[in-house]
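K.L.:
Below, each chain spelled out in residue letters.
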Amino acid sequence: GEDVEQSLFLSVREGDSSVINCTYTDSSSTYLYWYKQEPGAGLQLLTYIFSNMDMKQDQRLTVLLNKKDKHLSLRIADTQTGDSAIYFCAVHHTGGFKTIFGAGTRLFVKA
Amino acid sequence: EAQVTQNPRYLITVTGKKLTVTCSQNMNHEYMSWYRQDPGLGLRQIYYSMNVEVTDKGDVPEGYKVSRKEKRNFPLILESPSPNQTSLYFCASSSSSNSPLHFGNGTRLTVT
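Chain order of the listed sequences is C and P. Each residue of the first sequence is one higher than the one before, starting from 1 at the first, in the working numbering. Each residue of the second sequence is one higher than the one before, starting from 1 at the first, in the working numbering.
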């Protein structure tokens, strides 16, 4: 079955860029999502990309997709302390009934 | 406000005592799903429902039951909870199985 992997921790200084990486195994993955989880809360959709795209930019967020390497990344520009959270990569296959999540990357932002 | 509501937020119980975690959404979503979140494992799907009276197993269904008698509600039932079901549980819904998920705020369950 599909496997989604992320590194567990990332620490950056306030104002720097953060890059969170994700790899997946199934090349038929069609929808690729980034969710954010703040302490004590559920997951909130941050952004997503379709597999026929290479890049998507939304304000401070840039998603890059390398289909050949099955690699997805999320770049957060000018990282703020409010960006401290757990970020989940998730993949979904068209017509399937499951969204498969990575283990989540905990982002620490140092002031 | 569009939301997914889970109750309770926190629950401590003993082994074998049946419990139900409720989930309700007000967005008229057809698709609903339950996940559990464990450290280092991310979210794993327990059960999902495509519509009323249509449910199916996810990746970790053992020890859980669900029902979908109404479109808005999707309760998670633990008939005989065990300590290995101690976890953080999330209910989620979406307008279709291909759409992004909307999550509830989670239920932290401890089984002693």
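Everything labelled a hint here was simulated from the structure, so no lab data went into it. This one's a predicted model, so the numbers in the text were calculated from it and none came from an experiment. Be aware that one or more of the hints could be misleading.
Just so you have them, the derived chain C footprint on chain P, three or more residues with Cβ under 8 Å [claimed, not checked]:
no. : stretch
1   : 44–56
2   : 66–72
3   : 103–111
Ideal Cβ placement from N, Cα and C applies to all residues, glycine included.
K.L.:
When I compare C-beta atoms, does the stretch 44–56 of chain P have three or more residues closer than 8 Å to chain C?
P.N.:
It holds, with 5 qualifying residues against the three required.
K.L.:
Examine the stretch 66–72 of chain P: at least three residues should have C-beta closer than 8 Å to a C-beta of chain C.
P.N.:
violated (count 0)
K.L.:
Is the listed coverage of the stretch 103–111 of chain P by chain C valid when you require three or more residues with a beta carbon under 8 Å from a beta carbon of that chain?
P.N.:
holds (count 4)
Checked against the numbered hints listed earlier, the structure breaks hint 2 alone; every other hint is satisfied.
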